[in-house]
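Peer 1: Order-wise, the sequence lines are chains A and B. At position 73 of the first sequence the residue is numbered 76 (our numbering), and the sequence of numbers has no breaks. At position 114 of the second sequence the residue is numbered 117 (our numbering), and the sequence of numbers has no breaks.
Rather than coming from a laboratory, the hints here were simulated on the basis of the structure. Computed from a predicted model, the values in this text were never measured in an experiment. Among these hints, one or two may not hold up.
Unchecked claim - Computed from the model, here is a short list of chain B residues facing chain A with C-beta under 7 angstroms:
{"hint": "1", "residue": "GLN162"}
{"hint": "2", "residue": "LEU163"}
{"hint": "3", "residue": "ALA164"}
What the hints assert, rightly or not - The calculated label-pair distances, taken between Cβ atoms and stated as ranges, are:
{"hint": "4", "chain 1": "A", "residue 1": "ARG72", "chain 2": "B", "residue 2": "GLN221", "range": "54 to 62 angstroms"}
{"hint": "5", "chain 1": "A", "residue 1": "ALA177", "chain 2": "B", "residue 2": "THR93", "range": "49 to 57 angstroms"}
{"hint": "6", "chain 1": "B", "residue 1": "SER8", "chain 2": "A", "residue 2": "LEU15", "range": "50 to 58 angstroms"}
{"hint": "7", "chain 1": "A", "residue 1": "THR93", "chain 2": "B", "residue 2": "ASN19", "range": "32 to 40 angstroms"}
{"hint": "8", "chain 1": "A", "residue 1": "SER9", "chain 2": "B", "residue 2": "ALA16", "range": "27 to 35 angstroms"}
{"hint": "9", "chain 1": "B", "residue 1": "GLN221", "chain 2": "A", "residue 2": "ARG69", "range": "53 to 61 angstroms"}
{"hint": "10", "chain 1": "B", "residue 1": "ASN19", "chain 2": "A", "residue 2": "ARG206", "range": "46 to 54 angstroms"}
{"hint": "11", "chain 1": "A", "residue 1": "THR103", "chain 2": "B", "residue 2": "ARG58", "range": "48 to 56 angstroms"}
{"hint": "12", "chain 1": "B", "residue 1": "ARG203", "chain 2": "A", "residue 2": "LEU15", "range": "48 to 56 angstroms"}
{"hint": "13", "chain 1": "B", "residue 1": "SER9", "chain 2": "A", "residue 2": "ALA177", "range": "41 to 49 angstroms"}
{"hint": "14", "chain 1": "B", "residue 1": "GLU100", "chain 2": "A", "residue 2": "ARG72", "range": "52 to 60 angstroms"}
{"hint": "15", "chain 1": "A", "residue 1": "VAL45", "chain 2": "B", "residue 2": "ALA177", "range": "18 to 26 angstroms"}
In this text, a Cβ means the ideal position worked out from N, Cα and C, and glycines have one as well.
Protein chains: 2
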Amino acid sequence: MQIPSSIPELRLALRNRGRVVLVPTMGNLHAGHIALMKEARVHGDTVVATIFVNRLQFGPSDDFDRYPRTFTEDCERLSGAGVDLLLAPTETELYPEPQTYQVDPPAIQNQLDGEFRPGHFRGVATVVLKLFNIVQPQAALFGKKDYQQLLVLRNMTRQLALPIDVIGGETVRADDGLALSSRNSYLSAAERAEAPRLQRILRRIAAAVLAGASDFTQLERQASEELDQHGWQTDYVAIRLQADLQVPSHPAAGPLVVLAASRLGSARLIDNVEINPKKGPLTGGN
Amino acid sequence: MQIPSSIPELRLALRNRGRVVLVPTMGNLHAGHIALMKEARVHGDTVVATIFVNRLQFGPSDDFDRYPRTFTEDCERLSGAGVDLLLAPTETELYPEPQTYQVDPPAIQNQLDGEFRPGHFRGVATVVLKLFNIVQPQAALFGKKDYQQLLVLRNMTRQLALPIDVIGGETVRADDGLALSSRNSYLSAAERAEAPRLQRILRRIAAAVLAGASDFTQLERQASEELDQHGWQTDYVAIRLQADLQVPSHPAAGPLVVLAASRLGSARLIDNVEINPKKGPLTGGN
Numbered sequence: 004m005q006i007p008s009s010i011p012e013l014r015l016a017l018r019n020r021g022r023v024v025l026v027p028t029m030g031n032l033h034a035g036h037i038a039l040m041k042e043a044r045v046h047g048d049t050v051v052a053t054i055f056v057n058r059l060q061f062g063p064s065d066d067f068d069r070y071p072r073t074f075t076e077d078c079e080r081l082s083g084a085g086v087d088l089l090l091a092p093t094e095t096e097l098y099p100e101p102q103t104y105q106v107d108p109p110a111i112q113n114q115l116d117g118e119f120r121p122g123h124f125r126g127v128a129t130v131v132l133k134l135f136n137i138v139q140p141q142a143a144l145f146g147k148k149d150y151q152q153l154l155v156l157r158n159m160t161r162q163l164a165l166p167i168d169v170i171g172g173e174t175v176r177a178d179d180g181l182a183l184s185s186r187n188s189y190l191s192a193a194e195r196a197e198a199p200r201l202q203r204i205l206r207r208i209a210a211a212v213l214a215g216a217s218d219f220t221q222l223e224r225q226a227s228e229e230l231d232q233h234g235w236q237t238d239y240v241a242i243r244l245q246a247d248l249q250v251p252s253h254p255a256a257g258p259l260v261v262l263a264a265s266r267l268g269s270a271r272l273i274d275n276v277e278i279n280p281k282k283g284p285l286t287g288g289n
Numbered sequence: 004m005q006i007p008s009s010i011p012e013l014r015l016a017l018r019n020r021g022r023v024v025l026v027p028t029m030g031n032l033h034a035g036h037i038a039l040m041k042e043a044r045v046h047g048d049t050v051v052a053t054i055f056v057n058r059l060q061f062g063p064s065d066d067f068d069r070y071p072r073t074f075t076e077d078c079e080r081l082s083g084a085g086v087d088l089l090l091a092p093t094e095t096e097l098y099p100e101p102q103t104y105q106v107d108p109p110a111i112q113n114q115l116d117g118e119f120r121p122g123h124f125r126g127v128a129t130v131v132l133k134l135f136n137i138v139q140p141q142a143a144l145f146g147k148k149d150y151q152q153l154l155v156l157r158n159m160t161r162q163l164a165l166p167i168d169v170i171g172g173e174t175v176r177a178d179d180g181l182a183l184s185s186r187n188s189y190l191s192a193a194e195r196a197e198a199p200r201l202q203r204i205l206r207r208i209a210a211a212v213l214a215g216a217s218d219f220t221q222l223e224r225q226a227s228e229e230l231d232q233h234g235w236q237t238d239y240v241a242i243r244l245q246a247d248l249q250v251p252s253h254p255a256a257g258p259l260v261v262l263a264a265s266r267l268g269s270a271r272l273i274d275n276v277e278i279n280p281k282k283g284p285l286t287g288g289n
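Full structure from sequences and hints, please.
Peer 2: In structure tokens form, the structure reads like this:
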């Protein structure tokens, strides 16, 4: 794996590389990231990973300073996953001056996670646009655990006419169902044992909706209360349309997803479960 | 000259074209545009022009509807100027859905022309970013008559890490000094005879500053009053730093430019003159 030491060096190294696939990360890589790297390989000739903890997407009370940095181990894992090129720019290189030109996403940036993280999606959109402009890939992969982020980036890419396929990678989970996340490292042993409740509740809501439950507000409130009774502080549990993450006008308005964010100890965990009707045996498995 | 009928066709036509230079326009081309096309040829292998009257950069009381459209004549002139490819997308093609992801420029977007045209520079930045993403040129040319626009686009390009050289083309003027502009066509014969006053006043200010005048506020106010006494309605006359269009902290703070916007009849005209000390004979011409 090549690790160009600057953006111009990366650009040089990318010449005549065929179809380039980008996987942006903030480092501290786990099996979820590695699955993205391996899927990236399927979509192109050259896989480029980036590691950059993007201050722009962290609020003043967010965990920018304590976000885990594990560069040496990350390089090992990326190399083992067959990544061709890694760009890990410094803040000075990516933001040599205050970033005063930013991407301004629409109202979705202030909903769901955006309601609790003002400026977050603006910061995400801006840094990803910069990385797109630096790497100029033909495709880019983002994990579906950050479901709203994937939607924002997919819509940004389409609306700004970027010739890039934005691909969502499936969430990778621990054996007990907890979605892998760098922020799981903030959990104590007791909190770690409690943490899978989040996805259990989301799966239960999905099953209830598939079984015909239609009072979404009640399902959301009950889930939130159950979490809080077990020591969580819940920001939201929300049943939304997969297409645009808006509130469905009626229970059959389109494919749904249930999303949640809740704080457990010093970790703020997010997760989601798509509510897709199981296909019958004649149309293949789900 | 090829005129691809769609964005995908343009992208196909641009394969293996060497260094691509883009010149975005709103059509109704005059000698100023043609000078940009000819300069573009010097900077690359393939010259791409675009014609698109961008609704996003017009305010509700602006002249979007009456902005002159002269597509057939424009094609003739572009072809004659050696342009290789012309993209003239429809609104539906460039904005197939409401443009809710936009570039948000910093405070400069609300100063000078931006004070009188709210949202204008946001609309300009957004459409140019889209055209950059569609054409993916190595260089792009914009006229210096739209001095603030050039600054916004140059800063946007640098801050978003786009690998594009943004080049300013000199203003082309009629024999009497009036800067060429599509909006000159709104002038009556009497107004057209009056119009060169704008640049005469700007040149006079430049000469005064070069001669040591240091009360910039007085120069600006006198110029504005003189215009208004001759039937203009002046939005601003401003002596600013070339580098960032901010008010100079003192008369020698850096290279200056004097900019103005004023309405004459139904036309809103803008112009500017850079205030550059003449170089001596030993260092070449000015």
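Peer 1: Can you name, in rising order, the numbers of the hints this structure does not satisfy?
Peer 2: Violated hints: 6, 11, 14 and 15; rest satisfied.
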